[in-house]
Amino acid sequence: LALAMSIFSEVPQAPPVAVFKLTADFREDSHPQKVNLGVGAYRTDDSQPWVLPVVKKVERLIVEDSSLNHEYLPILGLPEFRSAASKVALGEDSAAIKDNRVGGVQALGGTGALRIGAEFLRRWYNGVNNTATPVYVSAPTWENHNAVFADAGFKDIRPYHYWDAAKRGLDLSGFLDDLEKAPEHSIFVLHACAHNPTGTDPSQDEWKKIAEIMKRRNLFVFFDSAYQGFASGSLEKDAWAIRFFVSEGFELLVAQSFSKNFGLYNERVGNLTVVARDNENLTRILSQMEKIVRTTWSNPPSQGARIVGKTLNCPELFAEWKDNVKTMADRVLLMRDQLKAKLQALGTPGTWDHITQQIGMFSFTGLNPKQVEFMIKEKHVYLMASGRINMCGLTTKNIDYVAQSIHEAVTKVQ
Amino acid sequence: SPHLNVNRLFSNTVHLLGMGPPDPILGVTEAFKRDTNPKKMNLGVGAYRDDQGKPYVLNCVRKAEAVIAEKKLDKEYLPIGGLGEFAKACAQLALGADNEVLKSGRNITVQTISGTGSLRIGANFLSRFHGGPRDVYLPKPSWGNHTPIFRDAGMQLKAYRYYDPSTCGFDFKGALEDISKIPEQSVIVLHACAHNPTGVDPRPEQWKEISDLVKKRNLLVFFDMAYQGFASGDIDRDAWAVRHFIEQGHNIVLSQSFAKNMGLYGERVGGFTVVCKDAEEAKRVESQLKILIRPIYSNPPMNGARIATTILNTPELRAMWLEEVHGMANRIIKMREQLVAGLKKEGSSHNWQHVIDQIGMFCFTGLKPEQVERLTKEFSVYMTKDGRISMAGVSSGNVGYLAHGIHAVTK
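Taken in order, these protein sequences are the chains called A and B. In terms of my numbering, the first sequence opens at residue 1 and continues consecutively. In terms of my numbering, the second sequence opens at residue 1001 and continues consecutively.
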């Protein structure tokens, strides 16, 4: 009975998203010592997901509050969440907040915040609907950055030098050079901290150099902040770059994710912080953000925003949260120390200082694609083809096996 | 304060852009909030209210939440297409568990951010892959957000006649005439039940003729079903049109929302389905939907989908839900009857039968803009300019006042 020719007969099969395919392959693997160092979610030392104690507490409070219902949130989201989220990024004493020129758009995770920001910039930045404005993303960067800006309509997405594979660190001169040469008004996507996938962040002095050029050349600052608190264990430290740029007078966007630092991955909690020139500009910007949100998801989901909003706005809960975050950050730091120590003890060729110099969830090991393949196929240790490992996948129980596997990969496979 | 010399172009450009106009529907609520008249009525936004005028959290929802809390689940990312069990239950609800489409696996259903998110994914998908004309035909009138959703996705909007203001009913002849002229392979949007904003639905025999004509024109059908169960009180009856079209061989695309029928508004629970030629095509389509979804929000929120799935898949909760949705629909139907009775009692000489004939949350009263303005200014009754009222905002406590006001501005 079906109509003759399907209109979808020409739809090609798309390749699977790599990071999820990796987890799918890991799940199917029956090897007893398998380790998943792929997707970026925190794990305890027992390799279990961790629902933060403060989150459990707040969820109970929400369940017990019979005055709460499931009504629509405003288009821009839960007001107390938005303001608290922006405050976490910019700081308690933020002059910009006091000047009433900071606003938030609650979004579906960091991805949603990036997308709304990208859509806004494509429509209203550097002219009207100027799809030709270059967008620069770091080389390498989170694999979804490209698609977010491309699907928002930008036609010219370029890499900026970032990772120096030879020295396993930041290619600062390449980065600064790209900033000098970028067309005026280009958009630069900057990782606020814990760069994904390399774990390599600019130092404060390096950020200052970056800011100086960006200011002089009128380049647009779009921060991606997915790991505040998670990187160093300190909210303030991890937000230093954002706050510095704001203090330097930049109007900018910050896409914030609370997936990792609140462990609320599947509740999709994010916030797009807008730092505008003044309140009048902010008002107009937010009104246009509303229009974008309305045709994307109408209004955002309430559960996750309630949890985060409640936590950030209550001093005791806030303190408890910071503690939970530090617990996660400290475990990652411990694993970094131990992995480096074990590789050094094994005498694995090469230097491994980058393991402890890098920060956040990820480490760019420096393993090449062939070595990565060996790790997966022969050792059942799953990592991204780029050599990126999720430090959270390491535990005191599997770290010896992983270290040994890396050792074999490096010594046996060129 | 720091000298804000940087990025002048950002400010300069932004300076050019005006204020976005307030959303017409949500703007009504804002005005309502500011009004101090104790008798004020908010008949704007379409969220259900109980007979005390309060938001209603369904009992089955509360019970499902308790069940879920006990399970102490983790918060790990869902797949891009959402909770698998949800997608399955969602499709079953729409198509019927025995539907051949489900058995042959030739549908792909993904969890979406409620109805809006579903429509947007669908629009984006068609924009990218539909080889036919870029025109999407909406009924005249349609939900206000349909137009900007399709437009932002890169499609063009056209209309087919639907509402007949002279009868406050369905312009069946006009619809058929217009549909017969739609170029082949264009997209046509149909409201599965409880048309928004008019409340006017085709009768089954009219749906049959529409289906035949649409088939003849070889159009791609995009069903928007935001009110399954909420219209007649019966979920199968409300899905009749969708199921009939599939049975007739249309490979439809379908948006579903659980905002109203489960009262899960703010949890953003919805589904998007593409009925494909076969399971192989469904796999290809699925892979492309994921490519579309990932750069918007990566993967959907868990909470609402868990609640909906628990309800749909737990027999006692499902039964409870069917009763509650029946109850909500019944209250609306009763308010329609009481409004008409009230208007008669006020002495209105107009024919108000359409208030009873229309179905679902909304009623196209037939009031003209000037009359709406008077109703708002003089009686603090808030509604949209097109004369649409949300019946959910009517209660046994205020229906008499509403009848009085409507009579006053129409006599």
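These are computed hints drawn from the structure, not numbers from a lab. Where is the CB? At the ideal position from N, CA and C, for every residue including glycine. Don't take each hint at face value.
[Claimed, not checked] Pulled from the structure, derived: some chain B residues nowhere near chain A, Cβ distances all over 10 Å: (1) Asp-1074; (2) Lys-1075; (3) Ile-1080; (4) Arg-1120; (5) Gly-1132; (6) Lys-1173; (7) Gly-1263; (8) Ile-1333.
[Said to hold, decoys possible] Simulated pairs of lysine-lysine, DSS-like, Cα-Cα distance not exceeding 25 Å: (9) Lys-291(A) with Lys-1071(B); (10) Lys-21(A) with Lys-1283(B); (11) Lys-167(A) with Lys-155(A); (12) Lys-1215(B) with Lys-56(A); (13) Lys-326(A) with Lys-412(A); (14) Lys-21(A) with Lys-1334(B); (15) Lys-56(A) with Lys-1040(B); (16) Lys-1140(B) with Lys-1344(B); (17) Lys-412(A) with Lys-167(A); (18) Lys-57(A) with Lys-322(A); (19) Lys-1158(B) with Lys-291(A); (20) Lys-1344(B) with Lys-1283(B); (21) Lys-1368(B) with Lys-57(A); (22) Lys-342(A) with Lys-322(A); (23) Lys-1377(B) with Lys-1054(B); (24) Lys-291(A) with Lys-1033(B); (25) Lys-1040(B) with Lys-291(A); (26) Lys-1063(B) with Lys-56(A); (27) Lys-1040(B) with Lys-1283(B); (28) Lys-57(A) with Lys-1063(B); (29) Lys-34(A) with Lys-377(A); (30) Lys-1345(B) with Lys-322(A); (31) Lys-1215(B) with Lys-1140(B); (32) Lys-1344(B) with Lys-1088(B).
Hint check:
no., hint, in the structure
1, Asp-1074, "4 Å, violated"
2, Lys-1075, "5 Å, violated"
3, Ile-1080, "7 Å, violated"
4, Arg-1120, "6 Å, violated"
5, Gly-1132, "7 Å, violated"
6, Lys-1173, "26 Å, holds"
7, Gly-1263, "6 Å, violated"
8, Ile-1333, "23 Å, holds"
9, Lys-291(A) with Lys-1071(B), "38 Å, violated"
10, Lys-21(A) with Lys-1283(B), "15 Å, holds"
11, Lys-167(A) with Lys-155(A), "32 Å, violated"
12, Lys-1215(B) with Lys-56(A), "53 Å, violated"
13, Lys-326(A) with Lys-412(A), "38 Å, violated"
14, Lys-21(A) with Lys-1334(B), "53 Å, violated"
15, Lys-56(A) with Lys-1040(B), "40 Å, violated"
16, Lys-1140(B) with Lys-1344(B), "30 Å, violated"
17, Lys-412(A) with Lys-167(A), "22 Å, holds"
18, Lys-57(A) with Lys-322(A), "14 Å, holds"
19, Lys-1158(B) with Lys-291(A), "21 Å, holds"
20, Lys-1344(B) with Lys-1283(B), "57 Å, violated"
21, Lys-1368(B) with Lys-57(A), "52 Å, violated"
22, Lys-342(A) with Lys-322(A), "30 Å, violated"
23, Lys-1377(B) with Lys-1054(B), "24 Å, holds"
24, Lys-291(A) with Lys-1033(B), "22 Å, holds"
25, Lys-1040(B) with Lys-291(A), "28 Å, violated"
26, Lys-1063(B) with Lys-56(A), "19 Å, holds"
27, Lys-1040(B) with Lys-1283(B), "52 Å, violated"
28, Lys-57(A) with Lys-1063(B), "20 Å, holds"
29, Lys-34(A) with Lys-377(A), "10 Å, holds"
30, Lys-1345(B) with Lys-322(A), "64 Å, violated"
31, Lys-1215(B) with Lys-1140(B), "21 Å, holds"
32, Lys-1344(B) with Lys-1088(B), "47 Å, violated"
In the structure shown, a violation is registered for the earlier hints numbered 1, 2, 3, 4, 5, 7, 9, 11, 12, 13, 14, 15, 16, 20, 21, 22, 25, 27, 30, 32, in ascending order.
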